[in-house]
Amino acid sequence: MTSIRHRHYRRRLTRLPFYVFIIIVTAAFVFPIYWFITTSFKNPVDILSVPPSWLFKPILKNYNELFRVQRFQYNILNSFIISSSVVALSFLLGVPAAYALSRISIQGKQTLYFWILTSRMIPPMALLVPFFMAFSKLRLLDTHIALIIIYLTFNLALVIWIMKTFFDDVPVSLEEAAVIDGCSTVGCFWKISLPLVSPGLAATTIFCWIMSWNEFLYALVLTRRVAKTAPVAVTVFMRFIDIRWGTIAAGSTFIMLPIIIFSIVVNKYLIAGLVRGALKE
Amino acid sequence: MKRKKLVLWLLSIMSVCLFVVSAQAQEWSWKKAAQPYKGETVYVLVNFHPDIEATLPIYKEFEQETGIKVQFDLLVRRTMDIKAETELAAQSGAYDLMHIGLWKTARYAKRDWAEPLGKYINDPKLTGPDFDLDDFVYNALRALTDKDSKIRGLPWSTETGLIYYRTDLLDKYGIAEPPKTFEEMKEVCKKVYTKDIPSIALRSVRGYGVNMWSFGRYVGSFGGSYFDDFMRPTINTEEWIKATTFYAGLNQKYGPLGVGAYKHYELVQDFSQGKLVMVEDAGPWGKVFNDPEKSTVVGKWKAAVLTKGPVKHRFSHYTHGLMIPRMARNKEAAWLFLQYMTSKEFQLKRALVFGGGSVTRTTALEDPRYKITFDFGGWGRVNAESLAIASKVEDPYFVPYYLPEYKEIGDSIGIALQNIITGDQSPEEALNSANKAVLEILEEAGYAGKPTSQFRP
Amino acid sequence: MNPNSTTIMSEKRRTLLMMLTPAVVVLILVTVFPLGYLFWTSLHKWEFGAAEKVFILFGNFVKMAHDTRFWNSVLLALSLIGMAVGLQIGIGLIVSERLYRPFKGKNIVRMLLLLPMVSPPVVVGVMWRMFLQPRLGIVSYLLGLIGVKNPWLANPKTALFAIAAVDTWQWMPFVILMLMAGLASIPDELSEAAQADGATQLQIFRYILLPLLKPVIIITVLFRVIDTLKVFPKIFIMTEGGPGTATEIMNFYAFRTTFQYSRFGYGSALSFTIFAVCILLSIGIMSTFKVRSE
Chain A
-11 MTSIRHRHYR
-1 RRLTRLPFYV
9 FIIIVTAAFV
19 FPIYWFITTS
29 FKNPVDILSV
39 PPSWLFKPIL
49 KNYNELFRVQ
59 RFQYNILNSF
69 IISSSVVALS
79 FLLGVPAAYA
89 LSRISIQGKQ
99 TLYFWILTSR
109 MIPPMALLVP
119 FFMAFSKLRL
129 LDTHIALIII
139 YLTFNLALVI
149 WIMKTFFDDV
159 PVSLEEAAVI
169 DGCSTVGCFW
179 KISLPLVSPG
189 LAATTIFCWI
199 MSWNEFLYAL
209 VLTRRVAKTA
219 PVAVTVFMRF
229 IDIRWGTIAA
239 GSTFIMLPII
249 IFSIVVNKYL
259 IAGLVRGALK
269 E
Chain B
111 MKRKKLVLWL
121 LSIMSVCLFV
131 VSAQAQEWSW
141 KKAAQPYKGE
151 TVYVLVNFHP
161 DIEATLPIYK
171 EFEQETGIKV
181 QFDLLVRRTM
191 DIKAETELAA
201 QSGAYDLMHI
211 GLWKTARYAK
221 RDWAEPLGKY
231 INDPKLTGPD
241 FDLDDFVYNA
251 LRALTDKDSK
261 IRGLPWSTET
271 GLIYYRTDLL
281 DKYGIAEPPK
291 TFEEMKEVCK
301 KVYTKDIPSI
311 ALRSVRGYGV
321 NMWSFGRYVG
331 SFGGSYFDDF
341 MRPTINTEEW
351 IKATTFYAGL
361 NQKYGPLGVG
371 AYKHYELVQD
381 FSQGKLVMVE
391 DAGPWGKVFN
401 DPEKSTVVGK
411 WKAAVLTKGP
421 VKHRFSHYTH
431 GLMIPRMARN
441 KEAAWLFLQY
451 MTSKEFQLKR
461 ALVFGGGSVT
471 RTTALEDPRY
481 KITFDFGGWG
491 RVNAESLAIA
501 SKVEDPYFVP
511 YYLPEYKEIG
521 DSIGIALQNI
531 ITGDQSPEEA
541 LNSANKAVLE
551 ILEEAGYAGK
561 PTSQFRP
Chain C
40 MNPNSTTIMS
50 EKRRTLLMML
60 TPAVVVLILV
70 TVFPLGYLFW
80 TSLHKWEFGA
90 AEKVFILFGN
100 FVKMAHDTRF
110 WNSVLLALSL
120 IGMAVGLQIG
130 IGLIVSERLY
140 RPFKGKNIVR
150 MLLLLPMVSP
160 PVVVGVMWRM
170 FLQPRLGIVS
180 YLLGLIGVKN
190 PWLANPKTAL
200 FAIAAVDTWQ
210 WMPFVILMLM
220 AGLASIPDEL
230 SEAAQADGAT
240 QLQIFRYILL
250 PLLKPVIIIT
260 VLFRVIDTLK
270 VFPKIFIMTE
280 GGPGTATEIM
290 NFYAFRTTFQ
300 YSRFGYGSAL
310 SFTIFAVCIL
320 LSIGIMSTFK
330 VRSE
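Residue numbers (the working numbering), protein chains in the order written: chain A, -11 to 269; chain B, 111 to 567; chain C, 40 to 333.
No wet-lab data here; the hints were simulated from the structure. Idealized CB from N, CA, C, for every residue including glycine. Honestly, I wouldn't trust all of these hints.
Stated by the list, open to error - Pulled from the structure, derived: some chain C residues nowhere near chain B, Cβ distances all over 10 Å:
| # | residue |
| --- | --- |
| 1 | Ala89 |
| 2 | Lys145 |
| 3 | Leu184 |
| 4 | Gly186 |
| 5 | Phe200 |
| 6 | Ile225 |
| 7 | Ile322 |
Claimed, not checked - The calculated lysine-lysine pairs, modelled on PhoX-like cross-linking and capped at a C-alpha distance of 25 Å, are:
| # | chain 1 | residue 1 | chain 2 | residue 2 |
| --- | --- | --- | --- | --- |
| 8 | A | Lys125 | B | Lys170 |
| 9 | B | Lys459 | B | Lys142 |
| 10 | A | Lys125 | B | Lys412 |
| 11 | A | Lys256 | C | Lys188 |
| 12 | A | Lys125 | C | Lys92 |
| 13 | B | Lys141 | B | Lys170 |
| 14 | B | Lys301 | B | Lys363 |
| 15 | C | Lys188 | B | Lys305 |
| 16 | C | Lys188 | B | Lys373 |
| 17 | B | Lys179 | A | Lys216 |
| 18 | B | Lys229 | B | Lys301 |
| 19 | B | Lys546 | C | Lys102 |
| 20 | A | Lys216 | C | Lys269 |
| 21 | A | Lys49 | B | Lys404 |
| 22 | C | Lys84 | B | Lys363 |
| 23 | C | Lys84 | B | Lys373 |
| 24 | C | Lys188 | B | Lys546 |
| 25 | B | Lys220 | B | Lys257 |
| 26 | B | Lys410 | B | Lys300 |
| 27 | B | Lys352 | B | Lys441 |
| 28 | C | Lys84 | A | Lys97 |
| 29 | C | Lys51 | A | Lys179 |
| 30 | C | Lys92 | B | Lys560 |
| 31 | B | Lys257 | C | Lys92 |
| 32 | B | Lys404 | C | Lys188 |
| 33 | B | Lys546 | B | Lys352 |
| 34 | C | Lys102 | B | Lys363 |
| 35 | B | Lys141 | B | Lys229 |
| 36 | C | Lys196 | B | Lys385 |
| 37 | B | Lys220 | C | Lys92 |
| 38 | B | Lys441 | B | Lys257 |
| 39 | B | Lys560 | C | Lys102 |
| 40 | A | Lys45 | B | Lys404 |
Bound-form chain A, shown alone (with noise of 0.2 Å):
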């Protein structure tokens, strides 16, 4: 009796670094996040209290700020607007595509789909003045469209690119069985191949939504009042001499919100499309 609850101790005990191990690793990736998000809540002499102020009154200023002065909840429905549109158009014009590369047997099929690879890997700053002028002169500037149109382009590769390896898992043979009933290739793709690989969907999502809801660069020099998105926003609190932390702290809360929120729902499917699409390479 004695021995085995003494065993019983000891697991548990030599459990105790590997635990203490975790949080710590854990705490490494969402203190930061944590003290950021309360910045947002702390009046200006507790955030750059020296030391640093553990518990603080929290004050509601700084949002005030955000939102009744600056109008910081257009800049959020920009990015709203935009985000939403480039997942719908991405979906639309990527996930065919990427059935087709998976089932199709054409000629020069991998060099096409390390091309369309390449276009992911095109630095951002390179295709920033291309498209400004082009868009100038279709008199796209300061439109959500101008914005939708770029974040396409980075997006459609991935799409294509985790979609591929999602629909390449669905065995053949249950689309060839449904030919065999009398089913068309949209049919297939529809009814049986795509609800199969939903998980896939549910993860590129994420990934489109937050890569467009992120951008900063083509938002910054492509937007001036109209559609200007909240990254872009945030960044206009970093003044002269004096940088508003507090504000830019609760504008950046917000930006993350919805994204943190977004991922704790869906992690699973997350992290199952991340992981996928390598180690199917």
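Assemble the complex: chain A is given as a structure, and chains B and C must be docked to it using the hints.
For chains B and C alone, coordinates are given in the frame of chain A:
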């Protein structure tokens, strides 16, 4: 008799006409001038700046008086610069007024992106009789005038560098007056230096607008120059070695730890927190040092005019202005607002009521109310005095900002200067490479070998 | 062959092609054309915003070869990649090795690890700039408690490392998750058998897990290398390429050249070079990988 009557009649008619005409002319008003443009919107792209923030509460009066609406698009300086570049390159016409400053005039003039303002200034319908171009601080206007003497913008903020010093610490060591010459500066630094509170800090980080802004004047002060008569750089001459050695020396011997990585931000922070005896930097900081929320040395400091070198007295200065882009849609309306923002009344009001003190109008500077409002540390008085002296200096080009390529040139020299300060290179080494780099830039621009007078205004 | 199946095949093929084409067309439009324009621009001496330009063929590229500041930026980019990816893989391997076996709360941990990854790079830049403020930032304060006083972002010797560290903070979760998944896909029997034979944890890791993990590591490294080459917002917000040129990596030098010095032609040449490097790198890494997997 009849002729006399006729002459009298004619005279009285003439005088009535003259009276009416002159009355009409005197009747210039904002409202009247803005009549044809009522209802238009002027879009302004400008950076965050204390003087702009002081403008925001009061420009609505312009809207009320003229019916012209004004929309400010405020961005942080470097972000705004990117925006401005792309907008202008694309000739978009989205903005009616855009920021122009010391570093931009040459380029905007070369590309003809900024409308020469002469035609608006001379138009009696658009410009009130009170306008008084000569009332602008001379250097401020000169900064926005190109080498063909065309005025490309109007200034809304101007400043020179100033010395800020701690009165209590200087007193402690029995020093009654702030240093006035380079020699005196060295003496004072030597006397007051302690490890805890170093004597002085000067900008070190390389950049045409960073360390070069502070250092540029030292070159002329030692009698040096940037180019010879035929646009070849003279950066590795003896005067330069003296200037860089002196500047770097102050930082190295009497400056704080890590000063080699100091920009204006660190200088201002340190001085506000009481960790420096003196700083030499830009004018607007006076307001920061006087703000109890930001500074612990309120009431303990004073401002002083920049020190004089062995050969000349040179000043670092900067001017912010607004210009009307060529492709702007509402140019006349834009001009009216620009005129308003830079007028004597507005500049004074902005300064008195909202603390936007870097005014560009001499009448505002000399107004006794201005001097009283900005009397903290004697700032108002010193600012006015400094601007006046600087405006009389023959050669305002403490750096060759009249060249569109100055940014690159300044950066190259700035790199050398920072290396000298950190001790990574000797003055000879660093200046030789800088000279070579600048020569390359000049050759590529096609300037080298041509007479310098062609490029200097 | 069944004649029916031939018709079905071509119907299928047609449909598939139709499904594929729109995406390909869009991609061509938005990549090939701008890239072409970029390349064409890089063949000129062209001031930003000017109408006049001078065709100089490869003059810009020749100039690049002599430009010390360019080579400095390349060196910095490589250093950044080395530091960042090195840290991420190094620490990532250790952490993922400990974490990949199931334990209570594993899902929560994995979820929390996602947070840095999904944060906007701009926000991450702003956040860490605040934390790294000398004296007043919390990181500086905590480090000061153990005697480390250093203005991380303002010190030319440590600025690049600081950027690498922040990048690591943001992306290490990605590496960890990838490696964890990779480790999880290795059958347990292998390590159990080795354990039965008396191998230590370290030996198991080195001789069994690591080799099988190679493909995942390679893909992860590829991703991280390319993404690090492209990093922009962090540098823009935290150091602006400074102090001096200490964090002026290739990407940022191209940015500065175009937007601050107004040298459009040269800047385009720089950008194009970065793109070419990315492609070459990926081809290189992927082909070594393909060879292996044959």
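Each hint tested on the structure:
no.: 1; hint: Ala89; result: 7 Å, violated
no.: 2; hint: Lys145; result: 42 Å, holds
no.: 3; hint: Leu184; result: 19 Å, holds
no.: 4; hint: Gly186; result: 15 Å, holds
no.: 5; hint: Phe200; result: 14 Å, holds
no.: 6; hint: Ile225; result: 47 Å, holds
no.: 7; hint: Ile322; result: 33 Å, holds
no.: 8; hint: A/Lys125 to B/Lys170; result: 34 Å, violated
no.: 9; hint: B/Lys459 to B/Lys142; result: 23 Å, holds
no.: 10; hint: A/Lys125 to B/Lys412; result: 54 Å, violated
no.: 11; hint: A/Lys256 to C/Lys188; result: 41 Å, violated
no.: 12; hint: A/Lys125 to C/Lys92; result: 19 Å, holds
no.: 13; hint: B/Lys141 to B/Lys170; result: 14 Å, holds
no.: 14; hint: B/Lys301 to B/Lys363; result: 12 Å, holds
no.: 15; hint: C/Lys188 to B/Lys305; result: 16 Å, holds
no.: 16; hint: C/Lys188 to B/Lys373; result: 18 Å, holds
no.: 17; hint: B/Lys179 to A/Lys216; result: 21 Å, holds
no.: 18; hint: B/Lys229 to B/Lys301; result: 56 Å, violated
no.: 19; hint: B/Lys546 to C/Lys102; result: 15 Å, holds
no.: 20; hint: A/Lys216 to C/Lys269; result: 23 Å, holds
no.: 21; hint: A/Lys49 to B/Lys404; result: 19 Å, holds
no.: 22; hint: C/Lys84 to B/Lys363; result: 45 Å, violated
no.: 23; hint: C/Lys84 to B/Lys373; result: 33 Å, violated
no.: 24; hint: C/Lys188 to B/Lys546; result: 37 Å, violated
no.: 25; hint: B/Lys220 to B/Lys257; result: 10 Å, holds
no.: 26; hint: B/Lys410 to B/Lys300; result: 21 Å, holds
no.: 27; hint: B/Lys352 to B/Lys441; result: 49 Å, violated
no.: 28; hint: C/Lys84 to A/Lys97; result: 39 Å, violated
no.: 29; hint: C/Lys51 to A/Lys179; result: 15 Å, holds
no.: 30; hint: C/Lys92 to B/Lys560; result: 22 Å, holds
no.: 31; hint: B/Lys257 to C/Lys92; result: 24 Å, holds
no.: 32; hint: B/Lys404 to C/Lys188; result: 23 Å, holds
no.: 33; hint: B/Lys546 to B/Lys352; result: 19 Å, holds
no.: 34; hint: C/Lys102 to B/Lys363; result: 40 Å, violated
no.: 35; hint: B/Lys141 to B/Lys229; result: 20 Å, holds
no.: 36; hint: C/Lys196 to B/Lys385; result: 24 Å, holds
no.: 37; hint: B/Lys220 to C/Lys92; result: 15 Å, holds
no.: 38; hint: B/Lys441 to B/Lys257; result: 23 Å, holds
no.: 39; hint: B/Lys560 to C/Lys102; result: 24 Å, holds
no.: 40; hint: A/Lys45 to B/Lys404; result: 21 Å, holds
Violation of the numbered hints given earlier is confined to hints 1, 8, 10, 11, 18, 22, 23, 24, 27, 28 and 34; the remaining hints are satisfied by the structure.
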